[in-house]
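A.B. asks: Protein sequence lines, in the order shown, are assigned to chains L and Y.
Using our numbering, the letters of the first sequence correspond one by one to residues 8 to 570.
Using our numbering, the letters of the second sequence correspond one by one to residues 2 to 87.
Among the hints, a few may not be true.
Computed footprint of chain L on chain Y, listed as stretches where at least three residues anywhere in the stretch have a Cβ under 8 angstroms from a Cβ of chain L [stated by the list, open to error]:
1) 25-37
2) 40-48
3) 64-75
4) 78-87
Chain L stretches covered by chain Y per the calculated footprint, using a threshold of three residues with CB under 8 angstroms from any CB of chain Y [as the list claims (entries may be wrong)]:
5) 299-309
6) 463-469
In silico lysine-lysine, PhoX-like type, Cα no more than 20 angstroms apart, as pairs [said to hold, decoys possible]:
7) Y:72 with L:328
8) Y:10 with L:411
9) L:411 with L:328
10) L:337 with L:411
11) L:337 with Y:10
If you are wondering where the hints come from, they were derived from the structure by calculation, not from laboratory data.
Computed from a predicted structure; not experimentally measured.
Yeah, the Cβ is synthetic: ideal placement off N, Cα and C, and Gly gets one too.
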Amino acid sequence: MTGEFSPGLILILGALLVPLLRGRLRAIYMLALPVAAFAYLLTLPQGDLGIVNIGGLSLNTLRVDKLSLLFCYVFLIATLICVVYALHLRDTVQHVAALIYAGSAIGAIFAGDLATLFIYWEGIAIASVFLIWSSRTEESYRAGMRYLIIQVGSGVLLLAGLLIHYRQTGSLAFGVLALDAPGGLLIFLAFGIKAAFPILHAWLPDAYPRGTPTGTVLLSAFTTKVAIYALARGFAGTDILIPIGTVMAAFPIFYAVIENDLRRVLAYSLNNQLGFMVVGIGLGTELALNGAVAHAFADILFKGLLFMSMGAVLFRVGTVKGSELGGLYKSMPWTTGFCIVGAASISAFPLFSGFVTKSMIMTAAMEEGHFWVWIVLLFASAGVFHHAGIKIPYFAFFAHDSGKRCQEAPLNMLVAMAISAALCIGIGCFPGLFYGLLPFETAYRPYTLDHVVAQVQLLFLSALAFTILMRTGIYPPELRSVNLDAEWLYRRLGRSLLEGARAAGEAAWKLLTRGFGHGVSFAIAYVRRHHGPEGLLARPWPIGTMAVWTTIMLAAYLVFFYL
Amino acid sequence: MSASDPREKRYWLDDPANVTRLVRVFYAVCAVLIAIDVFVPKHGPFAIEHWFGFYGFYGFIACVALVLIAKQLRKILMRPEDYYDR
């Protein structure tokens with residue numbers, strides 16, 4: 008065993024001390040944890056550092072290479088931003104859960120073998136659910152339960168897959184996996200659940216909008232990105248990922264347009280951005296993989312920023328329903344500004360982070376000649392601007408004035424949003440520095456005249472469509488409602504089937520017990536007939552009768568004796 | 002503080018005439034953006050990209066289609082807020 012341990016453990020073990028600290032000391036300590044983990048990370052060379060031998064099994068708890076480092080950087084940045092964002096909170100449970108969750112995510116991306124990955128995979132599921140439960144409502148409790156069942160289910164699939172994989176190959180190493188073996192297929196499904204593949208995605212828009220204002224920011228950063236990392240590590244270049252990702256990028260935007268809960272709109276747009284990354288992984292070229300992981304990096308920052316701005320609104324106003332908001336720019340000008348930076352980044356405006364990351368995936372799709380994939384992704388790009396870029400800031404901060412007035416977000420929230428916003432703009436303006444961190448050397452240049460003009464045309468004319476639809480009243484109004492999604496399968500159909508099965512079981516049991524009851528009553532009646540108070544065998548016979556019978560018997564005996 | 006407070010500051014956007022002005026400027030910018038398409042040399046591998054103003058028109062049509070389809074989807078998908086609790 009080499010002496011190095013995963014930087015994730017600094018956060019996980021460090022979290023255990025948080026309940027003992029109070030006030031300013033706790034704040035400083037929590038801020039120091041990701042910084043300490045980062046400082047420790049800088050001392051690590053690249054390579055397989057955490058080899059542990061347990062009972063003949065060789066595990067690798069710390070694989071440091073460019074891919075895992077990139078994710079670790081952004082996870083630590085996200086952790087620091089989330090700690091700042093949540094500094095006003097006194098809720099110890101959330102602070103501890105947040106740090107363990109972040110630590111597990113970092114542990115998972117450094118896992119060099121499937122068993123270590125599995126342990127952190129489940130750690131992610133268990134720690135993160137407390138960020139949903141901490142809303143402390145009946146609704147969030149039940150959504151958290153559904154989330155936990157699905158997340159742990161993903162872990163169970165991973166465990167089954169890794170056991171079969173181990174039986175077949177004799178190795179637990181987490182390298183490139185094949186889909187044609189049953190073990191690989193199960194692992195693929197486990198990753199697919201966490202990456203929110205279509206139909207397996209319902210947990211995401213179900214659970215994320217129900218987290219606490221601060222918790223959902225963390226949720227948006229880690230769980231799905233660990234899955235993206237795992238797919239990039241295990242299934243890069245797997246063709247089936249291209250259609251899966253294309254569908255993922257396209258279908259959630261329809262939901263996002265008609266959804267009223269603005270954090271759920273963001274959950275759908277998160278799903279849509281994951282689609283771009285999955286396409287990139289499926290294409291599997293160096294440019295596409297660079298694009299996929301770069302976009303994951305950028306998405307953590309801009310999606311976190313958007314969730315932070317909506318979290319601030321939820322914190323101050325108490326709701327993020329589009330139907331009840333509007334005109335908040337007057338009360339929360341800073342939050343409005345940061346939200347617009349996040350919106351510009353996710354929409355891939357030039358000079359913002361999405362522009363320099365998403366375009367790598369688009370270009371890779373073009374280079375590989377995937378016309379239909381490209382055209383759908385372009386549609387999704389216009390759509391994401393429409394729902395995340397315009398709808399979120401517009402309905403929350405502008406639109407018709409809802410008359411709601413509140414305070415600006417707390418200082419710590421503003422600082423956290425400012426850091427994210429600065430990073431979004433920094434990556435967008437200086438892509439060269441950022442590209443140096445990517446797993447493959449790249450000569451890709453995002454800022455060419457035709458690319459910039461094309462993107463600006465696409466976005467402005469999309470905005471034009473929104474403006475015209477809005478001013479002509481064709482745009483669908485925000486309505487209080489839920490929209491049916493794949494969760495219907497288990498929340499309605501599944502429940503109905505279960506209810507049906509339960510009713511059928513009950514009826515069968517009744518029939519069974521009634522039939523059995525008849526048998527028993529018949530037996531009792533039979534016994535009673537012969538042995539009961541009126542029964543032939545239980546009748547008390549008078550002594551006189553007895554004497555007569557005895558006399559008769561003796562007489563008969565005498566007669567027989569003399570014969 | 003509520004919105005009906007007469008002491009409250011009036012914002013520039015509170016005046017509908019300003020909003021209309023803003024929208025007109027925006028329309029003009031869109032027109033200019035499409036117009037300059039003639040001067041931009043194009044390098045993309047797909048022929049469709051070389052059509053005049055392809056990205057702009059595609060973005061516009063995509064968004065209108067997205068909204069109209071989503072509006073129709075509401076008829077199938079929309080349920081009351083307490084749908085799953087009943």
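A.B. asks: The structure should be examined with respect to each hint, and the outcome stated for every one.
C.D. replies: For each hint, the structure was consulted:
1. 25-37: holds (count 7)
2. 40-48: It holds, with 7 qualifying residues against the three required.
3. 64-75: That given contact holds, which follows from 10 residues of the segment 64-75 of chain Y lying within Cβ reach (below 8 angstroms) of chain L.
4. 78-87: Since 7 is at least three, the answer is holds.
5. 299-309: violated (count 0)
6. 463-469: holds (count 7)
7. Y:72 with L:328: Since the Cα atoms of residue 72 of chain Y and residue 328 of chain L sit roughly 18 angstroms apart, the hinted pair holds (cutoff 20 angstroms).
8. Y:10 with L:411: The given pair, whose Cα atoms are some 15 angstroms apart, holds under the 20 angstroms limit.
9. L:411 with L:328: holds, 13 angstroms
10. L:337 with L:411: holds, 10 angstroms
11. L:337 with Y:10: holds, 9 angstroms
The earlier numbered hint that this structure contradicts is number 5, and it is the only one.
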